[in-house]
Each structure stands twice: as structure tokens, then as C-alpha cells.
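For reference, the chains in residue letters:
There are 2 protein chains.
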Amino acid sequence: MALNRRYVFAQRPHGMPTGEEFELVEEAMPSPGRNQALIRSCYLSVDPYMRGRMREGPSYAPPWQVGESPTAGAVGRVEASDIVGLPVGSLVAGTWDWAEYVLSDGHGLRRLDPSGAPPQAALGVLGMPGLTAYFGTFDVARPRAGDTFVVSAAAGAVGSLAGQLAKQAGCRVVGIAGTKEKIDFLREELAFDAAVDYRAEGDLKGALRDACPTGVDAYFDNVGGAVTAAVAPLMNTHGRVAVCGQIATYNQTRREPPDVAWDLVGRRLRIEGFLVSDFQPRFAEALARLEHWVLSGRLRYRETIVEGFERMPEALVGLFKGSNFGKQVVKVYAP
Amino acid sequence: MALNRRYVFAQRPHGMPTGEEFELVEEAMPSPGRNQALIRSCYLSVDPYMRGRMREGPSYAPPWQVGESPTAGAVGRVEASDIVGLPVGSLVAGTWDWAEYVLSDGHGLRRLDPSGAPPQAALGVLGMPGLTAYFGTFDVARPRAGDTFVVSAAAGAVGSLAGQLAKQAGCRVVGIAGTKEKIDFLREELAFDAAVDYRAEGDLKGALRDACPTGVDAYFDNVGGAVTAAVAPLMNTHGRVAVCGQIATYNQTRREPPDVAWDLVGRRLRIEGFLVSDFQPRFAEALARLEHWVLSGRLRYRETIVEGFERMPEALVGLFKGSNFGKQVVKVYAP
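Residue numbers (my numbering), protein chains in the order written: chain A, 1 to 335; chain B, 1001 to 1335.
Since the hints were made in silico from the structure, they are not lab data. Everything numeric in this text was worked out from a predicted model, so none of it was measured. All residues carry an ideal CB built from backbone N, CA and C; glycine is no exception. Worth double-checking, as some hints may not be accurate.
Said to hold, decoys possible - Over the 10 Å line for every Cβ pair with chain B, so calculated as not near, a few chain A residues: (1) R5; (2) G52; (3) R142; (4) T179; (5) D193; (6) T237; (7) R268; (8) E272.
To be verified - Computed spacing ranges between beta-carbons, pair by pair: (9) B:L1003 - A:G215: 35 to 41 Å; (10) B:Q1252 - A:T95: 53 to 59 Å; (11) B:K1321 - A:Q11: 49 to 55 Å; (12) A:E189 - B:R1110: 28 to 34 Å; (13) B:A1288 - A:S59: 42 to 48 Å; (14) A:A261 - B:S1323: 50 to 56 Å; (15) A:T95 - B:S1277: 27 to 33 Å; (16) B:R1012 - A:D259: 21 to 27 Å.
Unchecked claim - Where chain A lies over chain B, by a calculated footprint (3+ residues, C-beta under 8 Å): (17) 1268–1276; (18) 1320–1331.
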């Protein structure tokens, strides 16, 4: 009898996760009942927000429970189906357990068009990260032509898209990233106006000042911490800060005070956190635009594809070390 | 020959001002030339923002220069005039030097109606503090009926008005202040729903939690520092913070990191600094409403009137010690 494999969340990390938090277990292959489908995972997504779910206590997303399977954004192929309109062979995107095979009642599944973008794009540019970049840029950071727009984690899944959207809106875009390869990508492939390597620069504030000679009008922040502290003094009057993530702080074992000198009153800054889920009613509108821009070549994206279900924990841990380039996904099975 | 008296800014303070920063000097009485008026100061305003002007370096308002006279919001009486439409005896409000008599070309003067509110109200509820409360509340904090609205420095010139405006908008209003007398005033005279004494409470966070059992939807912040750090963890999802002032930090000799744990992303907070001057085009609209509310008794205000021009420095220093109650003004001469 064929076996299924899944991960169980075995223990909460203290500080930086090691991968030991997840245990791979075998179980009987599930069998779909009435109005159910059996889906084979093709791609599973790993994302920074997952660090929050590893933590106990209240947050916007409920914490993963020890002993249960964690969930992920996922793309899969329908292998057996008793659901009308969901034939065997369909490609679908959704959220399900870290498992090779899952059962679904069809709820929350989105069918993918096999003639469109590659299916795993539904986990990146045409999924949660793309939507996050879209709403964070247009609705929160609000770029205006001529603005200097700075983005941190600029070679990441969200940052690389936010910067390109701001560029389309006529901004001067400055990216911050952590390797020479990423900096080259931002400058050469994405045509950012400047890119600053926060790891290589001895004087990050000075390097940012040089990259932003007229100050910063909008800052799309994915990281927090020391990078954000270096951007803060450059904010112009009526500057906007879209706070998307704070990955620099996710693995802190105790909260360190963010020594960020926002001149809130003098510069009349607006600092606003957001979650993509709040924009759910407008997802269809945004996905249609993003897909058009991707297919027409106006929006570029990178993926880091890690091969093999058994590498899920490693792929997730890599996010917190900056080892991903663009969207990090795990390929479980080629559809 | 009659002499005029004025203050000269003699030295920049280090930390808390002592009053020694200002030197009282005598000079010949000024004499108005063509298209000029001689104005006698009746009331001069002292305000927290003046601490910023005592500091060197760029800010939204240019720093006071050592050896020159500081300026203040002021109400005066026209004593001699060669300006058409500005007869002797007119009461005017404007901004001018810390002096008993000043010359004016009429620019920036607002004539006061002697049958309306008392003239010094033009420095408080019907002046800059009133406008600050109005725009900070309605345009930045944006109260909604049913919201819990917290205001710091709640017995001050701005805070006492912001809380009342939020109350009018249907909020549950909680004030934070630093003496029993102020707390009683907030509860009894202004009918705030709760008031917390930040000096008397051993456990400020706990006291605020009790005062805000359903969390905080909007926070009108005049102080920053430890008070704001205690409010931060209570902010509800989509909470708004209108940052009006940070008086707790104005006299710091070195910047202390504000250990404020805003859950920016998880709670999707908006933190926005503002300056009343940005709303200048709408001042007339706001003043008309404020005056209507004052004259109809819907908006109450307190003043601390210090008598005597020679007490200007003392009145200013008192602001940073919380010795004012409501709007602090100096009465120079009864019109």
C-alpha cells in the first residue's frame, strides 16, 4: 500500500529555527470520500510569516500546534475527485498541510490556467507575495512620480515586486539587500536606480544618504531593525512608511528596543503596518493586473526552487538567513 | 522718555531649561512709521514647541538665534496706527517678539471681536492649540462612535480639547494626566469616561488596561516616552496614533531609544505625526466651529494665567514640569 508523508510540528524554536522543529512522518494514503478530492502537492511555499506561527500566544494568525501539521500556500494536481467542476489533472492553488497528498472539499481552492504563468507563480508574484507588494505599495506607501522610494529585503519575493511597482509609478527606486549577487540583480535586471548592500557597507547611513540625495519619500519595510534605523533619518516631510514585515526581529528571543529615530512630528511621517488579508475583496482585481504585467514582461520575478519534500524545513530556515533569492518554494513533484 | 522691555535669547539650554536662557532688556519705545502700528502686548503664549526652537539645527521651525528676541503667539491692543482698517483700541492676535510693545505692518494680524470669547482664548481654544486638537483629532486620529480614544497630557491645552472633540464624536474617552486635580477635572468637568494618573500609578500598564477594557482604537499622543510605551500594547487592530507632541523627550540631552512595542504589522497600526501649520487653508473653517462650540458651552477649556511680563521664562519652564493646567499664558497688560 502506498504511503503518504507529512510534517508534524514537533517543538517550538527558541530564537533562530534549526529545522529540528519539524518531524517527517509516514501515514496511510488518504482516500477521498464524497465531494472530496485527493490533491498531490507540487509546490509548497515557505514564507517569513511562518516564524510568527511557530510562536505561542495570540497573533493575527493562530499559532501552529505542536503535534499537528503546519500549513503552507501550495500548488497541486488533482489526482482523484468527486467534486463537480474539479476534474482529475486540474492544477489548483490553496493552503494546505505540509504533506505530499491531501484531501480537500474544494473550499478555498483556485484553479490555475495551465497555459498561463508557471504554476508555482501562484505562490509568488501571482499569489500572496505579489498581492502584498501590490497593496503595500499602492494603498499604503502610495508612490508618486518623482518620489524616492526605498525598499528593504529588495531581492525578496515581496520587495523585488514592490520596487518594480514603484518604478512603474515613476519613482526613483533604491533597494537594500545583503549580497553582491542581489545588488547586481536589482541594478541590472530590475533597473532599480540604486542598490545598497547592508552587509558590505561599513557606513550604512552614509551609503543610503549617497543613494538618496534628496531624502526618502516612501519606505517599504520588510525587515525593521538596523536597516530601518539607517533609513529613518532620511525620511522627508510627509514621508510614508509601509511596514510589511520585520524579519530582522522575528528570531529575537527577547525584544530589543528598536532604536529608530523617526522624526514623527517634525517631518509629519505616517508609519503604517498592513496585512494582505485585509485587502481580500480586491484580490481578483490585483491578480488580473499582476498577471497582465508578468505576461507582458513589465514585472520580473525570481524564484529559488528547492527540490524535494524532505527539504521543507531547510528551505524555511534559509529565509531567515537571507539564502533565498526572490520567492522561495519547495518543489515536491513536477506536475 | 518711556522705555520698552523685551527678552533676548541669551543662551541655549542643556537639558531642562531653567529660565536663565532669557535676558530682560530695556530699550527705547519704538515709534510706528508709515503703514505701521504700535501694539501693546496683552497676553503672550508659552507652548511646548518652543523647546524645539531653543535647539540649534534644522527643524520644522527655524531655531531662535542667540542675541535675538524669541517670538510667541500673542494678543495685543493697537496703541497707535497708520494702517487703514486697524484703528487704535483694536484687539489683535498674531505672532511677535517677547516684548511689551512691538511694531507691526499688519501682516499676519487677526482682529478679535471684543464681544466674543475672552481675547486670550485666541492663544488657546481659538488659536493654535484649538486648531491642533481639531485637525489632530478629526483628520489624523479619526474618531468613530464607539471607539476607545486615549489622550495623553489630557489636561493640557491641546489634550483637553482633543478628548472633548472625540467625546462629541461618540467615543469612550480616557485621559492620562499627572495630578489628582487634573484627573478630577477630566472626570468631573470634562466628563471623560476614565482618567489615569501616570504619576500616581505604580502599574501604569495595568491601570490603562483597566481603563480600556476593550483596548484602544485611537491614541492622541502629546508626550511619548513611558506613557506611550504603556499605551502601545493596548492598541487594537487598525488602531490610529496621532502624534502631536513628545514633550517627555524634549529635554533629553541624548536621545533615549523609545522602548515602545507597537505591533505595527499584526495590528495594522497607523502612526502619524502632524503639524497644525499643514492645515492652514482650513483654519477659518475650524475656528468658526470651535468658536461656536465654545460660545454654546459644548467645549470647555482651562487656562493658567501667569501675571507679569517678567514671568515669561518661568511660565515656559513650567510647561515641562506639568505645572500648567490647560492653556498657559502670560498676562502682560489688561486690555
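Where does the structure disagree with the numbered hints, that is, which hint numbers, in rising order?
-> 2, 6, 7, 8, 9, 10, 12, 14, 15, 18
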